[in-house]
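**Student:** So the protein lines, in turn, are chains G and P. Just so you know, we're using this note's numbering here: the first sequence kicks off at 12 and counts up by one. Just so you know, we're using this note's numbering here: the second sequence kicks off at 9 and counts up by one.
Just to be clear, a hint being listed does not mean it is correct.
Mimicking DSS-like on lysine-lysine, the simulated pairs with C-alpha atoms at most 25 Å apart in a straight line are [claimed, not checked]:
no.: 1; chain 1: G; residue 1: K236; chain 2: P; residue 2: K37
no.: 2; chain 1: G; residue 1: K22; chain 2: G; residue 2: K180
no.: 3; chain 1: G; residue 1: K380; chain 2: P; residue 2: K46
no.: 4; chain 1: G; residue 1: K380; chain 2: P; residue 2: K56
no.: 5; chain 1: G; residue 1: K523; chain 2: P; residue 2: K35
no.: 6; chain 1: P; residue 1: K56; chain 2: G; residue 2: K416
What follows is a list of derived Cβ distance ranges for each label pair [stated by the list, open to error]:
no.: 7; chain 1: G; residue 1: A227; chain 2: P; residue 2: K46; range: 30 to 38 Å
no.: 8; chain 1: G; residue 1: R408; chain 2: P; residue 2: Q58; range: 49 to 57 Å
no.: 9; chain 1: P; residue 1: K46; chain 2: G; residue 2: G116; range: 40 to 48 Å
no.: 10; chain 1: P; residue 1: Q58; chain 2: G; residue 2: P466; range: 51 to 59 Å
no.: 11; chain 1: P; residue 1: D53; chain 2: G; residue 2: Q179; range: 37 to 45 Å
no.: 12; chain 1: P; residue 1: K46; chain 2: G; residue 2: V402; range: 44 to 52 Å
no.: 13; chain 1: G; residue 1: N450; chain 2: P; residue 2: Q58; range: 34 to 42 Å
no.: 14; chain 1: P; residue 1: K46; chain 2: G; residue 2: T92; range: 28 to 36 Å
Don't read these hints as lab results, they were simulated from the structure. In this text the structure is predicted, and so the values were computed from the model without any measurement. Virtual Cβ for every residue (Gly too), placed ideally from N, Cα, C.
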Amino acid sequence: MHRAFASAESKLVDCRKNFSFYFDLIEKELAGHNTNAPLHRICTLMRKMGVEALLREDLTLTNELIEERDAYAIRNGSGITASARAVRFTFFRKMPASGEWRELGAEDIMGYAVILTLTTKGNIHSYVYEAVVRPPSLYIDGKWRTVSNYYVHCSKVFEATVGTTSSQKHFKFPGTFFCQQNGLTHVCAHAALRIALNNWPTYVGKKITSKIINDALGIDHTAGKQIPDGGLSAPEIKLVVQTLGHQVFTAEFITNPGIDYDEFVYPLIESSCPVVLGIVKPDIAHVVAVLGHTLNSDRWAEARHTYGAFPRYPYIPTASWADHFIFSDDNFGMYMTLPTEGIRNLLVPKHNPNLHAAIAVGLTPLAGKISGYLAEQSAATIGNNIIISTVAPTSNRWLTHLQIKDSDRQFINPIVCRTMMCSRKQYADLMTLAEDESNNKLNPGEIDLLNKSLPDRFWVTEISTANLYSGNKHKLGDIITLINPTDDQLRNQEYHCFAWLTGICWHGPGLKNAPINWSIKGHIPLIRGILLQQCDNEW
Amino acid sequence: MSEQTTKELEATEESSFISAPFGDELKFKESEFVLFQKLVDWQADSEKSQIILGKPLS
C-alpha cells in the first residue's frame, strides 16, 4: 500500500522453516467470521515463491482506510461508530544477516497484504483490504522467472511503502492487485470490479476503492441506499466503468447457451482487457475477475476439432489451447486457475446443476457492435472463403498447404484464429519490423497502405495453422475488423477493412478493392500482448 | 497504395495468386449473415442484462 506508513518501527521476521503461516500469522491476525482463505492463499503463494522474511507493521489509518471504516459504521446502523486496525505484511525473498529491511531492494520484494479489522458493538469483520503480489515466479540466476506458459495479461507495476513517516522505503515491482469483500459495504462484484480496474494496463487513474464504485452508483449505506440485491448488475458495472472514461463488452450466456463463454472472454484477455465473470448454479452466484490465461501448446485442440460433431467448426479458436483462465476470486484468493471447460454450459442453463458462466463484462477502451468473439466468427468466414476461392501458383506454398483437403473434402489444415484489439500504431510498427522465414519484409508503400486503411483501433484476427501456432508462435495472415461499424456498414457487411494472407492483400471498406500482391509470403510472429521477458520460460 | 504501385508490384515480382476473390465474394452467405446478425443483436441485448452479478438466478 503506497504512502501508508507504520505507526512504529518494526523488525523483519524470519519466516523460513520454523514459521507457520497458519498458526503464527493467519490465526492470530484475522478476527470475526470472514473467510481466511484469501490470506492463506497469499501466504501459500509466498511459500511457493521462496519467501524468507516478512515485515509486520501496524498502520496509521490513511484517508482511504478511514472512509472504509466510516462506511462500515453507517452500514451497521444510524449513530453507530466503528474502530479500525490495519496491519500490513510485506514479504521478501531473502532475510538479510543484519535483519534490517532497509538493505532490501526492488528485486527482493514479493508482495504485501493489508489486513483490516473493523469493529462495532457486536460486530467484527477482518479481511484482506488490499494486496499486491508478483505473478507466480521463482528467483533463479538473479532474475524472477514466471511459471512456464503463464500469461497474466492484466498486471501493472505497483508501488509499496514500508516504514514510518520518519524512516521509510518505497519499492516498485510488477504484480496484480487483490481485495476481499466485507459483505456489507462491498460484495464480490465490487471486489471483482476493483481487481479488474486496478490491474487493467489501460486504466491509469487513481486506485479504485469500493467507495468510488458506490459513489458512482449512489450507494451511501444509509437506509434505502444500500447495495441492492447483494450484487451489481451489468448496467451498473458499465456505468461505473463509463464514469472512469472507458467502456464494456457484455455477454449474457443464459440467453444464448450456444456461445462458449471462453471464446468470448479469450480475445478480451489477449487484448489485456480484464473480464468480470459471473458464475452461477442453483442457489449460488459469484463474481470473479479474469486477468490472464495459461497455455498448453500440446493440447488436443486440433484432434478435438477433427473428431468433433458434424458440421465441423469452420476454424480452431486459439482459446482451445488456453487450458485455464488466471483469475482472482475474492473468496479464495489470487492467481487461481480456472479450467476453461470447467464452467461451460453443457446443458440449458436454467437446468444446469453445475457451476456455469452466466455473464461476462469485459473492460475495454473502445466498445461497439462487434466484440472480439463476433470479429473472430466473421474473420474465420473471410479466411476460409479466401482459401476456397483463390487460385494460387504452387510457389505460394502456404496457401497451397491451407487448401489441401481430405477425401471428405474437409481441410486437412484448418485455420486457427486468434483475435485481439490493436491500435493502428502498434500494428503498423509490428508489421514494419515483421520478416517471414524467407526474409521478406513489407515495403514502404505497403506500410503506407496499412496506415491509410486502418482505423485508430480495431480487432485483428490472426490466421495460422495448429502447428505454426503452437510450435513457432507464428501466423500466415491477418483479418482486420471494425469494432463499431455504422448500421449501414453492418448491413452491407463492410466491417472488414484490411486482410492479408500468404502474399495477397485485400483492402478498402468491405475489402472491395482488387486483391494485390503482398510482400510477406510466409509466416511471421504473432502479436504478443505481454512482455516476453515475463514469460521467458515458454513451451 | 495506388493502382500504379499495384501494377509495379505485379510486374517486378512473381505473383502470389493467379486469381483471387473480391470483397463481395468473401462475405457471409445470406443464411450465415442472418445468424451473425442474431449474434450482434444478442450482444446488444446482453448490455441490458438484468442478472445481478453475485445473486443467484431466480
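**Student:** Do the alpha carbons of G:K22 and G:K180 lie within 25 Å of each other, as the hint requires?
**Tutor:** Holds: G:K22 and G:K180 sit about 14 Å apart, inside 25 Å.
**Student:** Take a quick look at whether G:K523 and P:K35 sit within 25 Å of each other, Cα to Cα.
**Tutor:** 10 Å, holds
**Student:** Would the hint linking G:K380 and P:K46 be met if the CA-CA limit is 25 Å?
**Tutor:** This hinted pair holds, its Cα atoms lying about 12 Å apart.
**Student:** Okay, G:N450 versus P:Q58 on CB: inside 34 to 42 Å?
**Tutor:** 56 Å, violated
**Student:** Regarding G:R408 and P:Q58, is the given constraint of 49 to 57 Å on their beta-carbon distance met?
**Tutor:** 53 Å, holds
**Student:** Does 51 to 59 Å hold as the CB distance between P:Q58 and G:P466, or does it fail?
**Tutor:** Check failed, 33 Å falls outside 51 to 59 Å.
**Student:** Using the beta carbons of G:A227 and P:K46, state whether their distance is inside 30 to 38 Å or not.
**Tutor:** 33 Å, holds
**Student:** Measure nothing beyond the straight line between the CA atoms of P:K56 and G:K416; if it is 25 Å or shorter, mark the hint as holding.
**Tutor:** It is violated: about 44 Å lies between the C-alpha atoms, which goes past 25 Å.
**Student:** In this structure, is the beta-carbon distance linking P:D53 and G:Q179 contained in 37 to 45 Å?
**Tutor:** The hinted range 37 to 45 Å is violated for P:D53 and G:Q179, with Cβ atoms some 52 Å apart.
**Student:** Next pair to validate is G:K380 with P:K56; report whether the Cα-Cα distance is within 25 Å.
**Tutor:** With a Cα-Cα distance of about 14 Å, the restraint between G:K380 and P:K56 holds, given a limit of 25 Å.
**Student:** Between the alpha carbons of G:K236 and P:K37, is the straight-line distance 25 Å or under?
**Tutor:** 51 Å, violated
**Student:** Assuming the hint says 44 to 52 Å, is it satisfied by the Cβ distance from P:K46 to G:V402 or not?
**Tutor:** 34 Å, violated
Taken one by one, the earlier hints fail for this structure at numbers 1, 6, 9, 10, 11, 12, 13 and 14, listed in ascending order.
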